[in-house]
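*Asks:* Sequence:
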Amino acid sequence: MTADYGKLTWEQVRDADKDRVVILNVSATEDHGPHMPLDTDTVLGMAVANGVAEAAPDEVFVMPAIPYGFNEHHKDFPGVIWIQPETLINFVCDVTESLAHHGFRRILLLNSHGSNHPILDLAARKTVIRTGIICVSASYWNLCSDRIQGLRKSEVGGIAHAGEFEAAMYKHLHPELVDLDKAERQNLHDPDTKFFNLDLAAGGGKAMLMRWWSSVSPDGTMGDPTVADAETGKAFLEAAIEETTALVREIRALPILSRRDHH
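Each residue of the sequence shown is one higher than the one before, starting from 947 at the first, in this note's numbering.
Worth double-checking, as some hints may not be accurate.
Mimicking PhoX-like on lysine-lysine, the simulated pairs with C-alpha atoms at most 20 Å apart in a straight line are [said to hold, decoys possible]: (1) 953 <-> 964; (2) 1180 <-> 1099; (3) 1128 <-> 1140; (4) 1099 <-> 1128.
DEER-style ranges, computed between Cβ atoms [as the list claims (entries may be wrong)]: (5) 1195 <-> 952: 21 to 27 Å; (6) 1121 <-> 1088: 24 to 30 Å; (7) 1156 <-> 1188: 38 to 44 Å; (8) 1123 <-> 1206: 23 to 29 Å.
Calculated from the structure, these hints are not laboratory results.
No residue lacks a Cβ here, since even glycine has one placed at the ideal position from N, Cα and C.
Let the hints inform the model, and build the full structure from the sequences given.
*Replies:* Take a look at the structure:
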């Protein structure tokens, strides 16, 4: 049986192992500097999800991606498609509740756009409350941040948005679509900050401030894509796939617990 949810028939859905983890990638369509396409988050998120399906074909189903996210703060850059957070939460919950209705018990909301993180956290929580199934949210770079640190070439601040991490992986996947001749270093990390670390692989911020993107980035980049290369991108992607596969297997092992109302 295929792991591609969209390629299943309704009879295959009916007869499927409902303890497979259904992976739903939620991403974004937005600026990634002059050197990368608008679909970067979707391409990378689905590369991780499909890589998990190749590694564990009998343990997951991969849903078609949701290619739009919560990113109105990017709209000063042409091409951005933004979804209001309340709309996105409701949309994702409609998908998860549909899956629960069909008997699926384990869902992973795999995030590939930073500002979706709180949205998918809430959607996962609402899904658990409404359905009683297991629904987990995770941003794939958080799952492999320690390994990214050991592979990177950029300094702290170089992995944020359209920086080394994303540029290297996209260059590995589709080298013809990444033009590093147009890339510029936009490392905005302040080494004196205690709470606002902008580097995704170096712990991220302990406090959150999301400004208008055009006020902090002249070209849509935050980080250092100039050091990106396809070989490192392949290693980044392999790390993300391996750690996400490990998460999937932990989700499969989790017990389904019954609630107990103490009123």
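*Asks:* Look at each hint and say if it fits the structure.
*Replies:* Now for the hints, and whether the structure bears them out:
A distance of roughly 16 Å separates the Cα atoms of residue 953 and residue 964; the hinted pair therefore holds under the 20 Å criterion. At roughly 14 Å between alpha-carbon atoms, residue 1180 and residue 1099 fall within 20 Å of each other, so this suggested pair holds. Proximity of residue 1128 to residue 1140 is assessed by CA-CA distance (about 32 Å); at most 20 Å being required, the pair is judged violated. Proposed proximity of residue 1099 and residue 1128 is supported: the alpha carbons are some 19 Å apart, at most 20 Å.
Checked against the hint of 21 to 27 Å, the pair residue 1195 and residue 952 passes, with Cβ atoms roughly 23 Å apart. For the hinted restraint 24 to 30 Å between residue 1121 and residue 1088, the CB-CB distance of approximately 26 Å keeps it satisfied. Between residue 1156 and residue 1188 the C-beta distance comes to about 30 Å, which lies outside the given range of 38 to 44 Å. The hinted range of 23 to 29 Å is not satisfied by residue 1123 and residue 1206, whose Cβ atoms lie roughly 53 Å apart.
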